[in-house]
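Spelled out from the first residue to the last, the chains are:
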Amino acid sequence: MSDRYLLKGATLPDGRPADILIEGDRILSTATTTTGASASAKAGTGTTVIDADGLVALPGLVDLHTHLREPGFEQSETVLTGTRAAAAGGFTAVFAMANTLPVSDTAGVVEQVQALGRAAGYATVRPIGAVTVGLQGERLSEIGAMAQSLAGVRVFSDDGKCVHDSLLMRRALEYVKTFDGVIAQHAQDPRLTENAQMNEGALSSELGLKGWPAVAEESIIARDVLLAEHVGARLHICHLSTAGSVDVVRWAKARGIQVTAEATPHHLLLTEELIRSYDARYKVNPPLRRDEDVQALREGVADGTIDIIATDHAPHPRESKECEWDAAAFGMVGLESALPVVQTALVDTGLLDWADVARVLSNTPAAIGRLHDHSHSFEDGSPANLTLVDPAASSVFALDRLHGKSRNTPFEGVTLSGSVRWTFHKGFPTLRDGVLAEPGEVPSRV
Amino acid sequence: MKHLLSTRDLARDDAIRILDIAEDMSEVSTREVKKLPALRGKTVVNLFFEDSTRTRISFEAAAKRLSADVINFSAKGSSVSKGESLKDTAQTLAAMGADGVVIRHPASGAPQVLAQSDWIDAGVVNAGDGTHEHPTQALLDAFTMRRRIHGTASRGKALDGVSVVIVGDILHSRVARSNLWLLRTLGAEVTFVAPATLVPVGADTWPATVSFDLDATLAAVRPDVLMMLRIQSERMNAAYFPNAREYSRQWGLDDERLALLGPDSIVMHPGPMNRGLEISAGAADSAQSTVLEQVANGVSIRMAVLYLLLSGEREAHA
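Chains as they are written, first to last, in my numbering: chain P, 90 to 535; chain Z, 11 to 328.
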């Protein structure tokens with residue numbers, strides 16, 4: 090297969106039609122067809138020409154919140170299977186969460202995760218380092234060693250658990266300034282959410298499931314934005330799920346606090362009403378909330394209060410979901426459904442245009458994670474990380490769309506817009522007209 | 011009726027039908043030979059993931075009076091992490107040919123998960139799930155109220171206009187929830203009385219009046235039925251209220267409060283009682299108390315439910 094590709098007649102995020110010429114790991118040129126200086130003129134022979142008519146070209150998607158499960162939980166996912174799912178979903182980079190076993194709290198583990206990502210080749214894997222040793226919330230992990238390791242960690246998170254000790258959180262925020270790092274907080278007051286099972290409200294009371302109150306998220310965010318202001322540090326809030334959290338972040342941004350926030354696709358589309366089935370596929374942390382919260386999150390993304398969308402892709406084996414609600418694991422897979430959900434919830438509803446999608450799913454998450462030379466705006470010479478989406482497609486989401494090891498999607502049977510057709514990672518097509526490349530053909534990036 | 015999972019989904023006609031069949035079953039229980047052949051050859055499994063001797067023996071007596079074979083399966087510690095999964099247990103029972111499964115489980119929704127699954131094709135009766143529902147308890151309570159109010163003329167009647175005050179740990183009570191839905195369906199008015207810490211979030215959206223003050227409620231409502239719920243000692247440790255004395259003083263049914271009730275008012279308790287905490291000995295043993303009637307009626311209700319689920323009618327209603 091050649092390493093020159095001409096994507097003819099694609100639509101750029103800003104709406105301009107363009108021919109995109111890829112050579113090696115670079116976008117050689119992006120000639121908007123209206124300017125006349127067509128890239129196709131430079132294509133020459135030996136170039137694979139792809140008819141991109143009707144397809145939207147986006148910079149390769151960047152997920153700031155992925156659970157790849159390796160090392161330690163390989164029955165759920167591995168770096169290879171998780172990055173295959175990523176490629177199928179249009180992602181070219183994923184930030185791998187630290188709740189592995191052993192926990193990613195040392196340079197050795199983060200370098201291993203990164204090496205596994207390079208060997209797989211499907212996407213750029215950037216490990217996230219744990220804030221505290223073993224995610225125990227007691228003392229800082231070796232943040233400096235991880236930052237200065239080959240993995241160059243810049244995002245630190247105890248995700249799955251909240252850094253709830255106020256003093257430790259303050260120290261963490263201060264300490265990562267040294268390395269231009271950011272703390273990604275899983276905002277959940279542990280005392281207010283002991284054994285919590287779903288959003289606390291009239292429905293949890295009716296269903297008899299222990300409530301996870303919105304205040305347990307909002308109070309931690311309020312504390313942390315004030316801490317970030319006090320020490321002048323960067324703070325990122327994972328998976329905002331409530332209307333109140335959007336208000337707190339909006340207030341913090343108006344004060345000039347360096348806070349960024351993410352929302353997940355599932356929190357932008359699904360509500361707690363699904364839990365009436367006691368079907369554990371809908372069990373996730375933070376939990377699905379009310380329709381008012383979904384609407385507030387959508388508005389938050391639209392007005393920029395919420396900076397990015399991240400999947401919180403959380404694979405679990407079948408037995409962890411085929412059981413009574415209380416015993417089931419929290420989490421949903423999300424890499425393959427992310428873009429269709431975003432189109433359905435935000436683009437088709439007129440809240441975002443495709444330039445906004447490029448911003449919230451690629452440019453900004455790359456910037457927050459200090460992932461350099463990866464995302465772009467289709468300038469000549471940009472790294473050839475991009476994806477082509479067919480926005481006119483609409484289909485019922487089925488399990489055969491999943492390419493990771495686990496099947497715990499909440500979107501099975503849901504009609505979603507949009508279909509990811511092609512993904513290029515560093516110039517290599519990991520997804521070709523909807524068909525995932527085989528592991529043997531994907532070049533390792535060692 | 012294929013399963014009985016909750017009272018919330020029970021239609022008024024179906025609820026009255028269960029109560030009426032329970033009247034027939036009650037007559038059987040007064041005969042010298044307390045047995046019907048209705049479920050001969052059927053197997054009922056009492057699948058209890060949580061200890062409850064009272065509920066289990068009530069279902070056992072009900073199934074045996076209908077001539078069913080009964081298997082008691084006590085399976086404490088249910089989750090994947092603790093041992094065998096619900097799925098494996100259910101498939102085991104299916105392989106043994108269970109026709110009906112009576113399930114008690116600490117996890118809310120477990121009976122519904124079982125009923126929705128393809129693990130077993132048996133009729134499922136919810137015998138109490140977590141803090142969700144306990145439908146046969148609500149049915150036996152309604153049956154008891156109807157008998158006290160309408161006597162031998164109970165058949166076909168509902169509970170329209172009956173005022174019911176339920177006092178205690180509403181937050182953790184599946185009995186309170188099942189009673190609320192069923193009583194509303196049958197036309198009764200429900201008032202919950204509890205300390206604010208034991209009122210569920212969002213209860214203001216429920217079709218019940220919520221009060222924190224028992225004395226004011228008794229004075230204002232003059233209830234036909236006063237139902238006291240069991241208070242569990244671990245609630246005190248979790249700071250829902252300071253101690254037993256304070257709870258008893260504010261929300262317990264003592265002899266003074268009992269004296270305020272009308273002579274036809276009845277006092278109910280799902281049992282087991284904490285005498286001296288939520289209910290005084292005088293109230294528990296008074297003529298107004300229906301505690302033992304509730305136990306007897308429980309067998310009749312459970313006979314009616316098992317009969318409806320497992321007798322020949324099952325296929326027709328599946």
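Worth flagging that the hints you see were computed from the coordinates, not collected in a lab.
Mixed in with the good hints there might be a few duds.
Under the rule of at most 16 Å between Cα atoms (straight-line distance), these lysine to aspartate or glutamate pairs were calculated in the EDC-like manner [as the list claims (entries may be wrong)]:
no.	chain 1	residue 1	chain 2	residue 2
1	P	250	P	278
2	P	515	P	114
3	P	410	Z	98
4	Z	74	Z	109
5	Z	167	Z	42
6	P	410	P	368
7	Z	97	Z	61
8	Z	97	P	408
9	P	410	Z	24
10	P	410	Z	94
11	Z	12	Z	131
12	P	515	P	445
13	Z	97	P	114
14	Z	97	P	522
15	Z	12	Z	94
Partial selection, computed: residues in chain Z whose CB lies under 7 Å from chain P [to be verified]:
no.	residue
16	97
17	101
18	102
19	105
20	122
21	125
22	141
23	206
24	209
25	218
26	219
27	220
28	231
Owing to the predicted nature of the structure, the values given are computational and were not obtained by experimental measurement.
Beta carbons: idealized from backbone N, C-alpha and C, even for Gly.
Kindly indicate which numbered hints from before are broken by the structure, ordering the numbers from low to high. 5, 7, 9, 12, 13, 14, 15, 17, 18, 19, 21, 23, 24, 25, 26, 27, 28
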